[in-house]
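Peer 1: Read off the chains here:
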Amino acid sequence: MITKYKNLYKLSSDFIKENKKRAFLSVISVTIGLTGILIVLIISSSISNNLKAETSEIKKLELTAINEAAATIAPEDEQLISDYDLNFLNSQYPDIDITRSAPLPQVNIDGKPYSVSFADQITLEEGSDFTNSTGRDVILHKDLIGEDGSLDYKIGDKIAIGDIYYTVVGTTTDTASNIYMPMYLDASFNQDSSTNALQVSMPTKMYKAELMDEIVDQINELNQNSTYTYMYFDMDEILGMLVNILSTVAVVFGSIILLVSLIGIINMLYVSVSERQSEIAILRSQGLQKSDISMMFLFEALIIICIATIISFIFAFIISILILNFQDIDLHISPLYLVSIVLFVLLVTMITGVAPARKAASLNISEILI
Amino acid sequence: MIRINNLCKSYKAGGEELKVLDNLTLTIADNSLTSIMGRSGSGKSTLLKIIGMLDNNYEGYISYDDVPIKDMDDAQLSAFRGIEIGFVFQDFQLISHLTVYKNLELALICAGKYDKEENDTQIQKALEAVELADKSDQKCRNLSGGQKQRVCIARAIVKSPKIVIADEPTGALDVDTADEIMKLFQRINEEGQTIIIVTHDEEVAKKCNETYYLSKGKIYDYKI
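Read top to bottom, the protein sequences are chains A and B.
At position 204 of the first sequence (counting the first as 1) the number is 204 in the numbering used here, and the numbers step up by one without a gap.
Counting from 1 along the second sequence, just add 1000 to a position and that's the residue number in the numbering used here.
Treat the hints as calculated values from the structure; they're not laboratory data.
Be a bit skeptical, because a hint or two may be false.
[As the list claims (entries may be wrong)] Derived list of chain B stretches under chain A, where covered just means 3 residues or more per stretch with a C-beta under 8 Å from a C-beta of chain A: (1) 1071-1085; (2) 1092-1106; (3) 1171-1178.
Each residue gets a CB set at the ideal place from its N, CA and C atoms; glycine is no exception.
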């Protein structure tokens, strides 16, 4: 049986060698189609993998506060999460990690940088009053007061942060920051509102939406003076959606190219059958079975496809690397994915080869020969 | 021995059934050199197709050495055709872009003979029999009509079949070449192979041991 197939394969390869021009054109047509598919797949896979690699650590949800009242009252009232609230939330949810989306701001006072925290509850030193603070009050760390500190300010002094003066209303021994401001703070202080957002890292399988609603409830409970509306952005979800769109586009384009290519292969095989009716009839008259003729055509298709596949891979990789380098994206494609593509292409090609091979086998040889 | 009993074959043409072979009965003995003569449309080529197992769509009975062929499937028919029957066609039916050697080798491979050394010997023997040993490496398209027909005969005998079926083997050849080809058939026949020749040429028929005359799908005469 193996010897028979070996000889059928030899017959097919001999016919290809004898019809080099036609085989060459067939290989080119299939190569163009396959190269197109592979480029689309390699590039989309690389982009997807790059996105995934770059965002693998961003399993975070960004929680942005929108103060519904702010739009009508004043920008100073934009919600900020105090360190106290942040610590409270983290203690409430030990399995997840809640952080600010951007580090706390620094301010320059007398040309030196100082860290700033926003607070509504801190440990105050005697003589301090933070409970009735306004947006223009600050609490300084005790080391910054008096002769031992870098700043020579005392309670009641005005301190210039940016263009705005703030009144020092107290001192604290809390060491997280140099300067504490009330949680209601002029938004312009931050230059942007990035500190308004929280990042919540959690295991991917958690129910994100429900958990976020719960956290929002917690924050609103902590700040009972006003209720805020929050919206959240799931970076993982957004990137996943982007990757899905990219993959879908790749699959659609790939399918169109594959379809065109397959029509080309079918057409080529049909033409080949028509052109070689006489050869087929001769071989049948010499003893080849119908199934042998089918097998010969399938071998032919297989040889052409294998050659085209190898060339396509070389071309597709070269072109893809050039395109990806131009866009500064690393080439990422898993070997398993490549093997699946090859197997899929071979399978589909063999399926397309079946109809022409059947036609070849079912030719009425008696009409052709005599 | 080939036995044909009550063979009928008809085609549909323009909605009407056209009977090509009508209750035909004949016997062809082993080692005979038989010709089947008839005018165009007499049914001789159809008969040849059926004898050569190229057409299995007929009514009646045909057997080779008492083995009926009607019920054989494609695999059995192909195997039988490959091993036991050699064909010689009027228009040669060689694969012109292949060499003489390759054409003969193909016949052996198609018949399931894969031994390279044995095939080489057989091909050499067949080419010597048709006096074309020196043309082995030539492409068939570069040969003359007479040479092509001899290659066709070599291809028919290379696998040592029991029967050689020839359809108008001299039809495309000049008188001298046709004479040579007939002598070749006679020699092959003397070596023990059954030869069946379909012809409309009386001269060819005269060189055969027996002749069946066909008209309108029936045998109307038989000469030894």
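Peer 1: Are the hints correct? Go through all of them and say.
Peer 2: So, going through the hints one by one against the coordinates:
no., hint, result
1, 1071-1085, "holds (count 7)"
2, 1092-1106, "holds (count 7)"
3, 1171-1178, "violated (count 0)"
The earlier numbered hint that this structure contradicts is number 3, and it is the only one.
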